[in-house]
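Residue strings, one per chain:
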Amino acid sequence: MSRSSGQTTVISQTVARIVVPIILVTAIALLFRGHNLPGGGFIGAVLAVAAFALVYVIFGLDYLQREILGISPDGSGSHRLVESYRWMASIGLAIAVLSSLAPLAYGLPFLTQGVLFLEHLPLYGELEVASAFAFDLGVFFAVVGGLLTIVGEVGNE
Amino acid sequence: MQPTPEVVLAVVFLPFLAAAFTPAVYRLLGERTAYFAAAVALVTLGLVTDQYLAGAHGTVSFDWIPSLGISLAFYVDGLALLISFLASGVGVLILTYSGGYMHGEPGQAKYYATLLAFMGSMLGVALAGDLVALFVFWELTSLSSFILIGHYTDEEASQYAARKSMLITVSGGLFMLVGFVLLVWASGQTMAIEGTTYSIPLLIENAGAIREVLTASGLFVPVLVLIGLGAATKSAQVPFHVWLPNAMEAPTPVSAFLHSATMVKAGVYLVGRVRPLFLAENAAVLGDWTLIFAVLGLLTMTVAAILAVSATDIKELLAYSTASHLGLIIGAFGFANSYGAEAGAFHILNHASFKAALFLVAGIIAHEAGTRQIDKLGGLRKHLPITAVIAVVASLSMAGLPPFNGFYSKELLFEATYYAAKDAGGIAWLFPAVAVFGSIFTFLYSIKFASLFFGDEPDGLGHVHRPPLAMLVPPAILGALVLAISAAPNFFIDALIGSVFGDVSPGEAHSFSVHFPTELTPYVIMSIITIVAGAISFPFYDRIHDAINAILRGPVRANWWYDNFVEGLTSTSIAVTPKIQTGLLRTYATWGFFAFVALALGGYAAAGVSLPAFSGFSVTLPIVLVLLVALVGAFAVDIAPSHVAGVLTLSIVGFMVAIFYILADAPDLALTQLVVETLVLVIFLLVLDRLPAFYGDAPDRFVSLRDGVLSVAVGATVFITVLLSTNASPDPLLKEFLAARAGVPAEHGPFFADFGGGSNIVNVILVDFRGIDTMGEISVVVMASLAILTLIRMRGRGETQ
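Taken in order, these protein sequences are the chains called F and Y. Residues in the first sequence are numbered consecutively from 1, following the numbering used here. Residues in the second sequence are numbered consecutively from 1, following the numbering used here.
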């Protein structure tokens, strides 16, 4: 059912090898700079999924699973990778929920986001830490996990 | 005295709590769980007694949904206490009795847990002081009785009965809810109440103002009918009486509980509860209230009594008789005079005492004689002497014979009908006539039940065992109660019923008394007619029984309507389903788009929106170019020869939209559009090689035309929507607030939580100001992925079939 490597051209494989890391780094950059510039958890996540999907189209899920991540197939026909995606989605959701619950401990309403300024740090000087970032990270993982589950499972057909 | 909040809360929630622990208790105690449950009921009874002895009267309230003004309020008064006494007191006896009756039956843990929950729900209904709380407990009784009636889950008859009771009582409850909502609305319209209220005592306090609002808006009768539907379905009034006889599929203790103290009493309770709300002190003799409830009640009393005579099964007989007696109570409450309220209040207690006893007797007969068929039973006195005494006492009370307690309340009903007829005259004379006519049948079936213990034994009757003590003591206690009330009716009236009478009638004293008739009044003559006519016709019981059964065919039976209705619904849905669910995505898409267009355009038309005036194109050259490319892409999609080409050209449109966003100064949107478009393109390409090269056969002309029209309509709808939504700019206050709050404040400490602290306002809105939306969205993403996972995996295993 699933594709193996070799069906696609060498050109596309070579391009993918160069492009995919760049896309992933860009995705993470988008996630981090989302608070002050265009970007954010959702966009970063979708871009990251696009990178994975590219790997999948060009190399196949088996390759991704065996060669890059070093997971052996469990023989049931479905990919163990998909299980990891599912976990990633759940963990993302949990991060988002837990970060929204945290303010309750300080007597603030559910989902209150705060901003902390750390001063006099070496190298950085002043650093702004927004608790919204934890929520954004949850969004990122939930969306990456959710979309990869879909892509992996649909592509696996 | 104000009721004690903790005690009232315990009364309602202790049974639920115990129900939660019942499965664990069952592992420890096994069949003796019955006595654990009975002990819980006993504690509840003790708590109710405590409040009664303390003279509790008033409201206790706990916050529930404060933003909507809904509270978990409990209102303790005479009526609430009476029903609580019945639910918990009869509960003790029923649960003890179950210890003997349920010996060796399956599913006991479930049985006791549900019975306790049932009792708790009923206590909740009785004590509820808030319309929403009342509704919730009301439907909980329906739910728990559904489980109890369907106790024997494998049996067809149980399933049918459980479904039937659920369907009828729950749908009635929904009508009632609409009535409640209208009441709350009315409370908001009157100056007498500040804001709106769900509080029952507050509504009753301002009954006059509420009535005025309802009458002025023409909603008085609709609200009466809606609430009446709730009461009528629950209390099995004609024509909703059909579920009650089927409910006897439940184990007998459940039937006894259901019929005497709980569920069906809820409807009667509701009528009593809202009576002072709808019935003014100086109400007309034949007002709307009387016309609805007295007619409904007397009709039910008569029809159900006739049906009871037609019954062939002792539990069926008792079930119809319950409906009949509930009709009596509701009918009595329907009369605007004080006798009606007296009769209703008193009969609640009397009916519970004799009907619970009779059901438990019926359980003994069924359990020990092995049959419930009336014509197979007789002469049981020799085998079941104690049971016979109980049965005779309770039957005579049910028949309304003096000096038993049933006589007094029936006499009060006769008085109520007589005075109503005397005051109104004319057609109102039908009230006493119907009351007497129905009572004759009541007399007949009551005597028939008692006669099972006398006469000869039929041939088929085998050896009849003695019942165990656990099964004998509860009915004996109830029988003794019947005797006690009969001996000293005024004691019980002073202690319990007097205050109930005051609670259900506006502006009445909290007391009345009954006495054995010593002179020949019109209502004594009515009683005499009833008894004499009953005694004369009793020898012809079998003939009357056959005659009724001969008439009851086809559409004359309410059951016929119910069965045909349900059957019709089922067959219609079976016929319609293949047309709607073809399994073709194309069909769903067509109907989905059609519904979208119809709803959106219909909505705009209904809201009377007008399109903004056209003010000329004010776009720059780059935007025009981008849009032109998009247009070319859109045409290319239509003529694309294959799926791949179609998807690729479609993505041209998407990317052009992204560029449009960039040109329109929306980098966040453009970024999102770009990455999503890319991902969608990749996913499309992944899926495409599994699809056929193209649709294959060209669809016929009609389908093409329909699809074309539909797609133009969808496009037009979206176009109009965009025009309308961009024309209506959002509240500037909101925009200013968000813009002002998104960044870092000029003056700030090392930590702050009231500002977003970011310069990308879109992302700050997403994760901070509207974080809960985002959380909902990512939950949807995760759920969608799980759903796809499940769908695809299960298809592989062939489990979707």
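Calculated from the structure, these hints are not laboratory results. Keep in mind that a hint or two might mislead.
[To be verified] Stretches of chain Y that chain F covers, calculated by requiring three or more beta carbons in the stretch to come under 8 angstroms of a beta carbon on chain F:
id, segment
1, 70-76
2, 354-362
3, 762-776
4, 779-791
[To be verified] Which residues of chain Y face chain F? A partial, calculated answer using Cβ under 10 angstroms:
id, residue
5, Phe660
6, Ala664
7, Pro667
8, Leu671
9, Val675
10, Thr678
11, Leu679
12, Ala746
13, His748
14, Phe752
Glycine residues also receive a C-beta, built at the ideal position from the N, C-alpha and C atoms.
- request: Output the numbers, in ascending order, of every earlier hint that fails for this structure.
  value: Failing hints, ascending: 1, 2, 5, 6 and 12.
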